[in-house]
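Enquirer: Given next are the chains, with one letter for each unit.
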Amino acid sequence: MSPTRERPRRAARRRLRALLAAGLLAALGGCAHRPPPIQPWQREHLAKRGMRFDMPGETEEDRFRQHWLGSREGSDLGYGEPGGGCGCN
Amino acid sequence: MRRALRSSLAVALGPAVFALWVFALAVLRPVRARADDYVTVRGAYYREPSTRVIQPTVEVERDSPTGWDVKAHYLVDAITSASVSAGTSTDSIFTEMRNEAALTVRKRWDRSEVSVGYKYSTESDYWSHAFGVSASQRFWGDTARVGVSAGFNLDTVGSRVRTPECAKPPSTTCSLDGVFGGLTYTQVLSPVALAQASAEASYLDGFQANLYRMVASYGYEKIPGKRLRNALAARAAYYFPRASLALRLQYRYYFDVSPGDLGAGDPWQIQSHMLEVRAYRPLTRDLSVRLSYRQYLQSKASFWCDVAVDPGCYVGARYYATDPKLGPVHTEYPEVELFWQAESLREVPVLGWLAAGTFQLSYGHYFQNTSFGNAHVLQAGYTLPY
Numbered sequence: 001m002s003p004t005r006e007r008p009r010r011a012a013r014r015r016l017r018a019l020l021a022a023g024l025l026a027a028l029g030g031c032a033h034r035p036p037p038i039q040p041w042q043r044e045h046l047a048k049r050g051m052r053f054d055m056p057g058e059t060e061e062d063r064f065r066q067h068w069l070g071s072r073e074g075s076d077l078g079y080g081e082p083g084g085g086c087g088c089n
Numbered sequence: 001m002r003r004a005l006r007s008s009l010a011v012a013l014g015p016a017v018f019a020l021w022v023f024a025l026a027v028l029r030p031v032r033a034r035a036d037d038y039v040t041v042r043g044a045y046y047r048e049p050s051t052r053v054i055q056p057t058v059e060v061e062r063d064s065p066t067g068w069d070v071k072a073h074y075l076v077d078a079i080t081s082a083s084v085s086a087g088t089s090t091d092s093i094f095t096e097m098r099n100e101a102a103l104t105v106r107k108r109w110d111r112s113e114v115s116v117g118y119k120y121s122t123e124s125d126y127w128s129h130a131f132g133v134s135a136s137q138r139f140w141g142d143t144a145r146v147g148v149s150a151g152f153n154l155d156t157v158g159s160r161v162r163t164p165e166c167a168k169p170p171s172t173t174c175s176l177d178g179v180f181g182g183l184t185y186t187q188v189l190s191p192v193a194l195a196q197a198s199a200e201a202s203y204l205d206g207f208q209a210n211l212y213r214m215v216a217s218y219g220y221e222k223i224p225g226k227r228l229r230n231a232l233a234a235r236a237a238y239y240f241p242r243a244s245l246a247l248r249l250q251y252r253y254y255f256d257v258s259p260g261d262l263g264a265g266d267p268w269q270i271q272s273h274m275l276e277v278r279a280y281r282p283l284t285r286d287l288s289v290r291l292s293y294r295q296y297l298q299s300k301a302s303f304w305c306d307v308a309v310d311p312g313c314y315v316g317a318r319y320y321a322t323d324p325k326l327g328p329v330h331t332e333y334p335e336v337e338l339f340w341q342a343e344s345l346r347e348v349p350v351l352g353w354l355a356a357g358t359f360q361l362s363y364g365h366y367f368q369n370t371s372f373g374n375a376h377v378l379q380a381g382y383t384l385p386y
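Note that the protein sequences, when read in sequence, are chains E and B. Just so it is clear: in the first sequence, position 31 is 31 by my numbering, and no numbers are missing. Just so it is clear: in the second sequence, position 346 is 346 by my numbering, and no numbers are missing.
Same shape as in the complex, but just chain B (with noise of 0.2 Å):
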């Protein structure tokens, strides 16, 4: 019944995604400017060894006086890669394209407001339909707030190259469903501080492995079907006012765990702690800097071993996996970012129009202990309020 659905979701959702946008575009003609209405366009470039990564995105938001608003974003991956990176037996370089929409409809009211949201996306052997409903509520005059967010998602995965055996016939790909649940607090503290905590769990049933890559002696990588993922978050502002300087810090604990398989038993057992800091900046009237630094720190599921360090691990083992992402895994991430309100652009002659928005830049070096090796990440963006 839901490979049913998912096929007719893609016949269906072609033309709706279309309509969506049509629909989009009718809600965002330009009515009366708010201070959330914005466009945002961005490209992103990731490089690592193996892997080249280009992303061109387009945003829109636009709010209506009646409090009904509408986001949309459309995005492009062009990804190529040689995946013997990635674990599989011999190496082929590739590139794939991948195409992604999404809409939410917002309806606000004086201090709630509910989301609903649909996201596509597609490649040559990867599908996925993803709906979520978020809704919040503020109070304590306007200085908590606490949001609640529900989805679920239909993903197929196939293979360019052959039939999974996960397949049931006469389908030539397997399926991946997804359940997600949120719960966010976000409580001003005082006029310069805030701070949010949030808990998010997902359970994911199907196929979670990479048809391509392969470990040696054992075939096609097997991992379990069943996965609950789980997040605590915490974040906090704090703003300096004498130094004009924002701080951010943020810590991710995740744990998954095998549904009905608590203890020593549990396959996955992966935990990881993330720690991130941002300090924000103004540099010039116009200029400011953000200086960002992430840690993450993770053990690795239960059932992985290193096949590279003891060939013999997996001897009579149910699941066997050489994903890098599955193992221990370190990253650190610095980064600088640039934003520039183009304000000085208003006299220029054709640029002028320019002079509302915000520049962006950004330069990243990702720090990797796995076999992917270190990564640099450039992003560029503008973002016009309109």
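Okay, chain E solo, but in the shape it has when bound (with noise of 0.2 Å):
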């Protein structure tokens, strides 16, 4: 193998060692500051629409919006669940 291929390979995994040290340290970080807790009476706003990430109706929807947006962009993933059965590729 070229050294001039070999020194871009080495940097990348640097870099990616960087970045993976740095999420690291900042999961770490977040450990050591305990969040104040949230009574039960404080949470209705929380369990509005808007704020839940699972709210029934809204996934299926963003399931048939990642089934077209997987065939029409080269970046499928970062939705929570594997790809696979679309046929789109």
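You may find that some hints are simply not true.
Taking CB as the label site, the calculated pair distances span [unchecked claim]:
1) B:Trp68 to E:Asp54: 17 to 27 Å
2) E:Ala18 to B:Gly43: 43 to 53 Å
3) E:Gln42 to B:Gln295: 58 to 68 Å
4) E:Asp54 to B:Pro170: 39 to 49 Å
5) E:Ala22 to B:Val161: 24 to 34 Å
6) E:Arg49 to B:Glu332: 31 to 41 Å
7) B:Tyr251 to E:Pro37: 25 to 35 Å
8) E:Arg49 to B:Gly181: 38 to 48 Å
9) B:Gly141 to E:Ala22: 20 to 30 Å
10) B:His365 to E:Ala18: 34 to 44 Å
Simulated from the structure, these hints should not be mistaken for lab results. This one's a predicted model, so the numbers in the text were calculated from it and none came from an experiment. Beta carbons are placed, not taken as given, at the ideal position from N, Cα and C, and that holds for glycine.
Assembly of the complex is requested from the two constituent chains, each provided in isolation within its own frame, with the hints serving as guidance.
Expert: And the structure:
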């Protein structure tokens, strides 16, 4: 393998390691600061439609959206389930 | 061996899926109403210049008091397409049906849960089995939640018109296997704010091209067989009590690489940025609106070039494709959606039973810079808690 090709790979690996280390540090930093408790009577707004990431009705709608987006954009994934079954290669 | 597994799955899972449905219906018998039990029926319509998709769906979830929950969905895709829009050399209009069924069983404990799911999709030239497992744990007084998920899929790709080169005789189909893993962290920040961060990766190994699409002077397109897809995403939601307005913001960064080929020689290297904002607001006691806007920017795959602009750009190339979605993509998607709590139907004869549910109606316009052209997207649905 040529050194000119090896160099960008090493740089990419270094960047990836730095990114992972930064993510780990951020996660550990989060653990050090326990957030204040939210009491049940303070959760009224959190139960509202726009504040729920798993609202029934919206998940099906997002699934359909993901289906056609997956066949029109080159970067499927990132929506919580594996691809496949689309047939939209 | 995987091919044998795929074949036996196809034979065995037809009745198995039916049995799972029967099981689901048995579990779903009405015993005691819970807040998260619901049935949703939806119809979706997608129309762009050369493609039309109609998708009816039904989804049911039944949460048992014992902590065992079942969720199932079934959908049909009716796709009518003029294939020249996707880069094929000859145009042909065809209509294809895709059927998909999925079942997820979940066990809940006080602050944790585990789900196991299976999804089967079938059409005339593509079959997919997807298996997944996920687990989550809530902590810090139910203000934080960590979720992990993993899965794999075994797909089979065939062609209606030829035996593809990737097929290993006597088989006439090609395979595409994938494994998937994801990690999600959700944090309630205050009584009106929450945030979520997630990371996902998927490794694909097998045939990833289109069996019908050709590149002029080169033949059927050829795409790298291995791909590592990665996505990092962040979501936040904030509620403004005085305005009764919920705002949700999502950003997703995607990058893919060819495993073992990081660096300049990587044939993939697609990167994309997606930003979406959603605003939810009640208009009346029963009617609310959701406005959303999504913007997507994608760089082209490293091996991809535009043969329409530069016909000789693939000379000596190892891979070649005319798939528009592997090129530079810029899309925008504004959408408006109405939710109507059908409470006012309670006194209406015959329709009174719909009063507990919610109707949804949405329209969006999908702007694309690719040869697919812009699209209209219409969805209508009804969710009934029971």
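Enquirer: Each of the hints needs a verdict: does it hold here or not?
Expert: Consistency of the hints with the structure:
A beta carbon spacing of about 18 Å between Trp68 (chain B) and Asp54 (chain E) agrees with the range 17 to 27 Å that was offered as a hint. In this structure the hint that Ala18 (chain E) and Gly43 (chain B) lie 43 to 53 Å apart at CB holds, the actual value being about 48 Å. Between Gln42 (chain E) and Gln295 (chain B) the beta carbon distance is about 34 Å. The supplied range of 58 to 68 Å is therefore violated. For the hinted restraint 39 to 49 Å between Asp54 (chain E) and Pro170 (chain B), the CB-CB distance of approximately 46 Å keeps it satisfied.
The beta-carbon spacing between Ala22 (chain E) and Val161 (chain B), approximately 50 Å, falls outside the hinted interval of 24 to 34 Å. Take Arg49 (chain E) and Glu332 (chain B): their Cβ atoms lie about 24 Å apart, and the range 31 to 41 Å is violated. For Tyr251 (chain B) and Pro37 (chain E), the Cβ-Cβ distance of about 28 Å falls inside the hinted range of 25 to 35 Å, so the restraint holds. For Arg49 (chain E) paired with Gly181 (chain B), a C-beta distance near 30 Å fails the hint of 38 to 48 Å.
Between Gly141 (chain B) and Ala22 (chain E) the CB atoms are about 28 Å apart, so this pair conforms to the stated range of 20 to 30 Å. Between His365 (chain B) and Ala18 (chain E) the CB atoms are about 41 Å apart, so this pair conforms to the stated range of 34 to 44 Å.
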